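Asks: Top line first, the protein sequences correspond to chains R and L. Numbering of the first sequence is given in the numbering used here, commencing with residue 1 and proceeding in unit increments. Numbering of the second sequence is given in the numbering used here, commencing with residue 1 and proceeding in unit increments.
Fair warning: there could be bad hints in the mix.
What the simulated footprint calls covered on chain R by chain L, stretch by stretch (three residues with Cβ under 8 Å from a Cβ of chain L suffice, anywhere in the stretch; the number is not a length) [to be verified]:
1) 75-83
2) 150-161
3) 176-187
4) 494-501
5) 519-527
6) 551-559
7) 591-604
In silico SDA-like links for lysine to any residue, alpha-carbon gap of 20 Å or less [to be verified]:
8) Lys-548(R) with Asp-85(L)
9) Lys-587(L) with Asp-625(L)
10) Lys-71(R) with Lys-152(L)
11) Lys-596(R) with Thr-523(L)
12) Lys-152(L) with Asn-518(R)
13) Lys-383(L) with Asn-367(L)
14) Lys-238(R) with Arg-189(R)
15) Lys-86(R) with Phe-550(L)
16) Lys-548(L) with Phe-83(R)
17) Lys-86(L) with Lys-86(R)
Honestly, the hints are just simulated from the structure, not real lab data. The structure presented is a predicted model; accordingly, all values stated were derived computationally and were not measured. Just so it is clear, CB atoms sit at the ideal spot from N, CA and C, and this is done for glycine as well.
Number of protein chains: 2
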Amino acid sequence: MKIIRRSIIIYILIISHFCVNAQTKLSEKYNLMPWPEEVVDNDQKFSIDENFTIAVNKDKINDRLFNATTKFLRRLSGRTGVFIDKGFALTANQIKKASLRINYEREGELELHENESYQLTVLSSQIILTAKTDIGILRGLETLLQLSANTKTEYFFHGVTIKDSPRFTWRGLMIDVARHYQPLNVLKRNLDAMAAVKMNVFHWHLCDDQGFRVEVKALPKLHQLGSDGQYYTHNQIKEIVNYASNLGIRVVPEFDVPGHASAILTAYPEIGSKDITYKIERRAGVFDPTLDPTNDKTYQVIDALFSEISQLFPDKYFHIGGDENKGKHWDENIKIQNFKKKKGFKTNHELQTYFNIKIQDILKKNNRTMMGWDEIFQPNLPKDVVIHSWRGNEAMLKSAKLGYKTILSKGYYIDLLESIKTHYSTEPIPNNHDLSEDQVKNILGGEATMWGELVTPVSIDSRIWPRTAAIAERFWSVKSVNNIDNMLKRLESVSFKLEELGITHIRNRDVILRNISNNQDITSLIVLSKICEPLKAYERKKGGTIYKSFSPFTRFINACTPDALDAISFNKKVDSFIVNSNDQSYKDDLVYFFDKWVSNNEAFIKINNNPMLNQLAPLSKNLADLSILLKKGMSQKLNKEEFKIVSKYMNNLNKPFSDTELAIIDGLNKIISTLK
Amino acid sequence: MKIIRRSIIIYILIISHFCVNAQTKLSEKYNLMPWPEEVVDNDQKFSIDENFTIAVNKDKINDRLFNATTKFLRRLSGRTGVFIDKGFALTANQIKKASLRINYEREGELELHENESYQLTVLSSQIILTAKTDIGILRGLETLLQLSANTKTEYFFHGVTIKDSPRFTWRGLMIDVARHYQPLNVLKRNLDAMAAVKMNVFHWHLCDDQGFRVEVKALPKLHQLGSDGQYYTHNQIKEIVNYASNLGIRVVPEFDVPGHASAILTAYPEIGSKDITYKIERRAGVFDPTLDPTNDKTYQVIDALFSEISQLFPDKYFHIGGDENKGKHWDENIKIQNFKKKKGFKTNHELQTYFNIKIQDILKKNNRTMMGWDEIFQPNLPKDVVIHSWRGNEAMLKSAKLGYKTILSKGYYIDLLESIKTHYSTEPIPNNHDLSEDQVKNILGGEATMWGELVTPVSIDSRIWPRTAAIAERFWSVKSVNNIDNMLKRLESVSFKLEELGITHIRNRDVILRNISNNQDITSLIVLSKICEPLKAYERKKGGTIYKSFSPFTRFINACTPDALDAISFNKKVDSFIVNSNDQSYKDDLVYFFDKWVSNNEAFIKINNNPMLNQLAPLSKNLADLSILLKKGMSQKLNKEEFKIVSKYMNNLNKPFSDTELAIIDGLNKIISTLK
């Protein structure tokens, strides 16, 4: 028995080793993201021509699949130029032999742990996509679209057999529409993009100090006074919820209480903790306006609000925020202080828990489950509350241990504009935890968070995408899919394909550069934008410009992104050069960049005729001048005087330019050390 | 008395001559479009900095001006990068000395002949904008935005005094959303662009053979069966009407009857003229399905439909189409033939007039004025019907003579993709008419028409803009503003500024080229796209591909536009060369292009790895090979054999490539003649 067991183990080890290797090889070949659970390829391919048809194994094609198959056909036709003759999917009755046969059992429900698995087989004769639910079919259709390829004479799908299902059931993206309102079309295209990488929760941050964004019929002052006219009507919310549902995406609303309350209190100051005139906040930051937890009217307002909102969002979960309440206005209010004493609360946290429990009653009445940021966590909270971890892992691990469901956003704050490597390497389940197998199951997944202080409809896509695709892979794929270089390769392909869905992250870079150059030749600006990155968010707030919600977000920084393409490439070349510093070809690689930056400055000078461009002049000039010296350094020793000048240039370059930083400083420093 | 009169006339002539000259000079300096009635400049300028403020002379800022001033501030801040401190306009009470003072008398009404005039004075100390109505203020704000400029160190407004008012009261753009559905955001950005060039009527073509695009509660089968799920809800229509109203734009709905009825009859076949199974039409063209004018139920349906629709559109005018009914199904229906005999109608036109008069009763009941395409014109029509001329000027002139109000679209069919010169040169009031002064007043203006067979949300903007800005000038400015070169210069500036409003005509060219190249380097494709133009629409239908509504519109042709930029430039250089064929510098200009096309082919070959690109290979190669020979011809005589080869290349190039045509054929032919 023991021997048999051992050989089984050895067999499994061999197989799994073989699989990992095969997987690695395949992930070099196919640009699938998130990477599926199991991929096996065959040497076949399915040709895409005008006869392409889809059959669904039902008498009637439901809304979700009508939508999904129609979009599938349009995207396929759009990217291949093939004039597909049948513009819509058919039922199995209507067509005997279809190119793509879709088989599923039942309509999926938008709830936790719904079955999203699918199996996909592409042969030269036929494609078969099978799933338990129509939501699984949607996930499989996205995989199939990622398998399209071409030769010079035809388009085709790669021949494969794929079995796939998600690691986590909660794979979310939060979009904050309070700091900057985002119109429906921005949300819709981002929902499409989410579905393309198999995300399934849209967390909609709908109110904050800077705006209250929902029509509330019972409390009309909320949207009338709290939104500058930029809010979603009931019908628009239903439109988004329905749009998401067709994509197999749940929508979780967030109304942040009791802090972050400037907009609410602009409408209903009588439930505030301080007797002041409240105004919609225009700055970014953490502010003091807070609801009064000792006032009955506060609960009446929240009751009316949450009851009305619950009608609009069918999802079981309701996010109440609950974060960043420093309690300053509570401390300054004698009535509230007396209340605390009377109740025996020692801390504001206890008072907030009192508030939370009352809020939870209201939500329960509306058949909703409360969730909130990790500040709401307190061991005496009802057990069905979901804890949303953002400050660290501890709250998540502690609450999972105590039996609370929990999701993670710490590590997925995409608004910080850090390298995608950081986010991709963040494991939702940390390695050294002491949770039992059952307790681990309390970790439902995670969410990328797009806080909105610094984004408008023009720039928001470039802050979310393509980065969020890699985070989506972290939530969907098994833990062992974690090779960064391979991820970056696949991400590049996914990034381009997102254009098909209307995501503007690529196209709007040039729109912004044309804007700042007043429609001159932007070639030199593109070069600069590829080596500059936005200051990481908190630096930007500290060192840089102070932004208001109506500040311009159409400047050079808004055309730049994290992981600047040429910077990555240059820094890599520098590393190769360091190891092979006597090899001429590695020197040539660097000289290529130096020459480019020198001639780029000449092009830049030609267009530099306005204040926005002029802010970049020191960047362009110092980089060009430095490049001349470093190029010289590649072929001869620099003297002391020259090294001094190099230092001066480096000092000049080591500053923010129009709120960006030069992302090649490290590489340049490495070169300089080598030359010494 | 006579002498005095004569000197007054001479004086007027001198003054007006002087004005015209000054105007011409100023229109070289300022990129205003439409060109205002009167512009006088001073040597002042108003500096734009963070202290910029707006004051409105009312106690409360109404919705329209809140919207207009807020957008004004965002656009100004966005294009200058200036962090304007006050993000919203203030009332005169709230601020004593504002940068921009807005004074108006009353809210404008969205109706014919409403006052849209304004006066704008920009001095170094202040800007004053005055108008009778808030709509006039909107028009003035757009002019002011067109006056922004900069030096290297600051942004400013040019110092001017402008008096302005429109020539015509009806300055429209029709968008057909039946052939291809256009989402709300596409319509909104186009409304913004219309307002930017002072257009004031959005004519919304809402149903046709290919789709019925409005929710109808009384007749739900219309949108359920006639739209593939792509229709506007009541709330969405109200949203667009309100959006337009805030821009001072009227919205006129069109429901095309009795022809173009496939979608309506798919829902209600019982009111069709033939007993067949109707289906939503997928092709482009003119089709036979027609409502039965002898069936009472037809009028019941239209009554229910038009009564419900009238509630959604406050505008007085209601367009019933009425075009292109060939009456084939009427001729094939014995009941209808008998009805004609009984009524004594000799032609189908008489039968259609019978139908129109019944429709007009329905509209009258709903307090709406009927308008229709010129086919509805018949001298016994009620006098308040508006005739929309599209087949020629005759109907327009005839109906104006008979006292009907009329507008012109013949000459403004932008879907034909002709050069903007053609449209710009089309005068709404032809020179040799025999109308009295009062009769001329019946010509209310015109409309550009964007028929939707060949456009999707990705490409529609590039078919409408920037061209429609020149048509807008034709409708707004005085007749004498008609210099084409000057218009083209100003149009280029307007075109770029439209990006600010989200118009995608520039950015989406590259999106499409990335698509067809699968995200390779698109430089060589950009070069080709700048010398190729889409086949003019009717050729495209005749010679080229047959499109269905779900065909791909993401191919090379969709990245090309009329008035291809390099083609215009090349053809001009050729003309200069012809006149100065011995001057080396003119030869050099041409050689520059030849060299470019030779090296471009090398770049193209590198990326040519898929079927969509491969369609362009003969174009790129023949042009490169021809260029080599023509370059040789610039310095030495070509021999007979070489001329033969030149002819072969020209033959090869004189064909459509991926539904485009090479727009430099004329120029090339001219060069070849010279070389002979």
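Asks: Indicate, hint by hint, whether the structure satisfies it.
Replies: Against the structure, the hints:
no. : hint                       : result
1   : 75-83                      : holds (count 7)
2   : 150-161                    : holds (count 6)
3   : 176-187                    : holds (count 3)
4   : 494-501                    : holds (count 3)
5   : 519-527                    : violated (count 1)
6   : 551-559                    : holds (count 5)
7   : 591-604                    : violated (count 0)
8   : Lys-548(R) with Asp-85(L)  : holds, 9 Å
9   : Lys-587(L) with Asp-625(L) : holds, 18 Å
10  : Lys-71(R) with Lys-152(L)  : violated, 48 Å
11  : Lys-596(R) with Thr-523(L) : holds, 18 Å
12  : Lys-152(L) with Asn-518(R) : holds, 12 Å
13  : Lys-383(L) with Asn-367(L) : holds, 15 Å
14  : Lys-238(R) with Arg-189(R) : holds, 16 Å
15  : Lys-86(R) with Phe-550(L)  : holds, 9 Å
16  : Lys-548(L) with Phe-83(R)  : holds, 9 Å
17  : Lys-86(L) with Lys-86(R)   : violated, 55 Å
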